[in-house]
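Work out the full structure, taking the sequences as your base and the hints as a guide.
Line order of the protein sequences matches chains Y and W.
The numbering of the first sequence is the numbering used here, which starts it at 1 and goes up by one.
The numbering of the second sequence is the numbering used here, which starts it at 1 and goes up by one.
Source of the hints: derived by calculation from the structure; they are not laboratory data.
Virtual Cβ for every residue (Gly too), placed ideally from N, Cα, C.
It is possible that some hints are incorrect.
Claimed, not checked - Pairs of lysine-lysine, DSS-like flavour, derived with a Cα cap of 30 Å:
{"no.": "1", "chain 1": "W", "residue 1": "K528", "chain 2": "Y", "residue 2": "K24"}
{"no.": "2", "chain 1": "Y", "residue 1": "K22", "chain 2": "W", "residue 2": "K528"}
{"no.": "3", "chain 1": "W", "residue 1": "K109", "chain 2": "Y", "residue 2": "K24"}
{"no.": "4", "chain 1": "W", "residue 1": "K18", "chain 2": "W", "residue 2": "K346"}
{"no.": "5", "chain 1": "Y", "residue 1": "K24", "chain 2": "Y", "residue 2": "K86"}
{"no.": "6", "chain 1": "W", "residue 1": "K26", "chain 2": "Y", "residue 2": "K24"}
{"no.": "7", "chain 1": "W", "residue 1": "K495", "chain 2": "W", "residue 2": "K18"}
{"no.": "8", "chain 1": "W", "residue 1": "K109", "chain 2": "Y", "residue 2": "K176"}
{"no.": "9", "chain 1": "W", "residue 1": "K109", "chain 2": "Y", "residue 2": "K22"}
{"no.": "10", "chain 1": "W", "residue 1": "K426", "chain 2": "W", "residue 2": "K493"}
{"no.": "11", "chain 1": "Y", "residue 1": "K12", "chain 2": "W", "residue 2": "K109"}
Unchecked claim - A few chain W residues that don't get close to chain Y, going by computed Cβ distances all over 12 Å:
{"no.": "12", "residue": "A64"}
{"no.": "13", "residue": "M111"}
{"no.": "14", "residue": "L130"}
{"no.": "15", "residue": "L219"}
{"no.": "16", "residue": "F236"}
{"no.": "17", "residue": "R287"}
{"no.": "18", "residue": "S337"}
{"no.": "19", "residue": "N421"}
{"no.": "20", "residue": "R454"}
{"no.": "21", "residue": "Y489"}
{"no.": "22", "residue": "H521"}
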Amino acid sequence: MTQQISPMPERKLTRDEVIALKNKRTLVTVFQISWIMVFVCLAVVAIQIRGTSGPLPALNAIQVIVPLGATLALLGSVWTAWQSLKAIQADQRARFFVFWRYTLVLGGAFILVMLAVMAFNPYGDLLQYSQIFRVMVVYHALHALVIGAWMVQVYRNAAQGAYGSSDAWGVEAGAKLWYFVVIAWVLFYAVLYVF
Amino acid sequence: MATISAPLPGIQVSEEGKLRIGDYLKWSVDHKIIGVQYAVTALFFFIIGGALAMAIRWELLTPALDVAADGTAYNQFFTMHGTVMIFLWIIPMMAGFGNYLVPLMLGAKDMAFPWLNAFAFWLIPPAGVLMILGYFAGQAQAGWTAYPPLSTMFSDGDGQTMWAIAIHLLGASSILGALNFIVTIRNMRPEGMGYFQMPLFVWAMLATSIIIVMATPFLAGGLTLLILDRVAGTAFFNPAQGGDVLLWQNVFWFYSHPAVYIMVLPGFGMLSEVLSVHARKNVFGYRAIALSSMAIALVGFTVWAHHMFTSLTPSLRIPFMVTSMIIAVPTGIKIFSWIGTIWGGKIRFNSAMLFGLGFLSMFVIGGISGVMLAAVPFDLHVHDTYFVVSHFHFVLYGGSVLAIYAGIYHWWPKVTGTLLNESMGKWHFWLTYVSFFFTFFPMHLLGMLGMPRRVAVYAPEFQTLNSIVSFASFVLGISTFILLYNMVYSLIKRKQAGPNPWRALTLEWATSSPPPAHNFHGDPVPYKNPYGYGTEAAYRYLEAQEAELGKSWPNLEEEPARALKPSSSPAGD
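What follows is the structure, given as structure tokens:
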């Protein structure tokens, strides 16, 4: 069982390591603030196109419920990712594995569902809006897949004994980047389905 | 009273690790090597962009079509000229200065993420090559603004697609570099250096980086849609299928107006350094200059639609006119602060200072014409005329490029350990200054007389002014080679500069020239006010530094500036 591999021994970080960790945390935060602007750009374009496309067709119950369910699953993965991070920071490895697996499953389910929604594009009759809808879903899915792949790698590293309370950066980065995926989708969901 | 500490405790100056040219041609994570790589790459593209400018001006010597085969070829000239000058000359050159200087000014050993730093640089050469290779695939011809439908329906060949991909790569490089600057500046300042003890160049790089990380991703989103329109059959900007061409203009200018500040803010930072050091005076209004950079970064995001006054919904014109005028306020604060800085100073009129003063005078003209263009009634008349061309060249050449020259003359001794020839530097300055003015000032008149931009053939009554502009531009082009020759001459003659030839107080001068691999031996102690010239404390700090690092100007009896103006009291430093 992967959970039985002993973690790295705990040790105090040197001054340089503390600065390096601080640098990484700042980098991820600033990157998130920066890169969300691409999503803002696409959201603005979608709003503009919707304004010139005329009224959108009404969605049926399935077309509303399926993306809503996927979005709730994605929001749920925020909580599981956070629990995983707390667990690894407390050296509770078994708990970390449980919640990290939940995160991967919820995230994977979200990606599959949304790619299916994109394939059955409900706006096929509106050229530009249909195209921006596809671009937004695929663009988001690409980010979710890349960051999801990172999270799978984190799981594999952890299974090899990596990470612990004094070295949780890999998990922390994965979780924070996953939060980015969620925030980006909430922005898109609001534009595509709510307002 | 400033604490007089030895700037470099326990320093052992050594000659170890001397760099060779080959070290600059390969992957390196040393910020100093990367800084030089940025600068040399940018200078290479400057020559290409300059050659294209010469072709444009040669074409415009007469009203007829002379040089370009047809209008399309002329469109390609100015498209590539603008793109190369902005994305491959000014922006990378500023990044080069930032890379070299920011860690040194902060007393750090390197940037926060050296590998990422190298990666950001190495995206630039392939992007530049990709862009230029468009000549073999139907070069981009829609202007640097790439407005659809010119860039979609009316740009045959793959050159325009290659252009867009190259801009994508350059944008990624820019974002990665800016992320690194923000982290470095936030986390790697030495003890005793708060935000308001940072050199103003570092403040400028911080403001620039904030603009880059917020604005450039927006362009990335728009470029993605433009590329999809060209290669995947989408119709976001295709009016024939219901697309919206103004959508691109909004997205583009939301990035590209702040990009003007990306190009000029580092120049502002350099100017603050150069003026203070060579006027031997404290910066007047340090906080005002620092915070006005941040104000420009913020307000810069609210002015983009002034580029579209002619197509903008009339009710939106006034709000954008107001914001465009407001942004002149923080810029004006800087101008007055710089004048206050040199006022009453012991000015050394060396090449760096001359270019600094040249910047100050020419940028003001660009700023004033900017305020004129911000006024809707005026803008409607001169929109898309040579007045606009004149305005942005006063900002980008009179501002950014003259600042780059000032920076080169100021920091060359630090980077190479050698001095540039001052006589050649002054020749370079005066030829550049005069020819620059006669190249770009008459364009104001051409624009007000109604000559449209982006045309190869024009009405005969514009020929006299166009001839003046073209001849002046040829002199301007030639003057650039004085600098290039001076650089080679300096590297061959190797007239030693020593660690701190300008007796400056910022930390990049508190180490040998060029600095050792890890910049400093031991932890450097910053002087409490990086611009505290003219005090006895500063004099004693510099004397202590000289005692540790060795004399500057080692081949001369005395620094020429001191020999010219002997100071009766040490407090003049």
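Evaluation of the provided hints:
{"no.": "1", "hint": "K528/W - K24/Y", "result": "holds, 29 Å"}
{"no.": "2", "hint": "K22/Y - K528/W", "result": "holds, 25 Å"}
{"no.": "3", "hint": "K109/W - K24/Y", "result": "holds, 17 Å"}
{"no.": "4", "hint": "K18/W - K346/W", "result": "violated, 36 Å"}
{"no.": "5", "hint": "K24/Y - K86/Y", "result": "holds, 18 Å"}
{"no.": "6", "hint": "K26/W - K24/Y", "result": "holds, 26 Å"}
{"no.": "7", "hint": "K495/W - K18/W", "result": "holds, 17 Å"}
{"no.": "8", "hint": "K109/W - K176/Y", "result": "holds, 28 Å"}
{"no.": "9", "hint": "K109/W - K22/Y", "result": "holds, 16 Å"}
{"no.": "10", "hint": "K426/W - K493/W", "result": "holds, 18 Å"}
{"no.": "11", "hint": "K12/Y - K109/W", "result": "holds, 23 Å"}
{"no.": "12", "hint": "A64", "result": "holds, 43 Å"}
{"no.": "13", "hint": "M111", "result": "violated, 10 Å"}
{"no.": "14", "hint": "L130", "result": "holds, 21 Å"}
{"no.": "15", "hint": "L219", "result": "violated, 8 Å"}
{"no.": "16", "hint": "F236", "result": "violated, 6 Å"}
{"no.": "17", "hint": "R287", "result": "holds, 24 Å"}
{"no.": "18", "hint": "S337", "result": "holds, 29 Å"}
{"no.": "19", "hint": "N421", "result": "holds, 41 Å"}
{"no.": "20", "hint": "R454", "result": "holds, 27 Å"}
{"no.": "21", "hint": "Y489", "result": "holds, 41 Å"}
{"no.": "22", "hint": "H521", "result": "holds, 17 Å"}
Taken one by one, the earlier hints fail for this structure at numbers 4, 13, 15 and 16, listed in ascending order.
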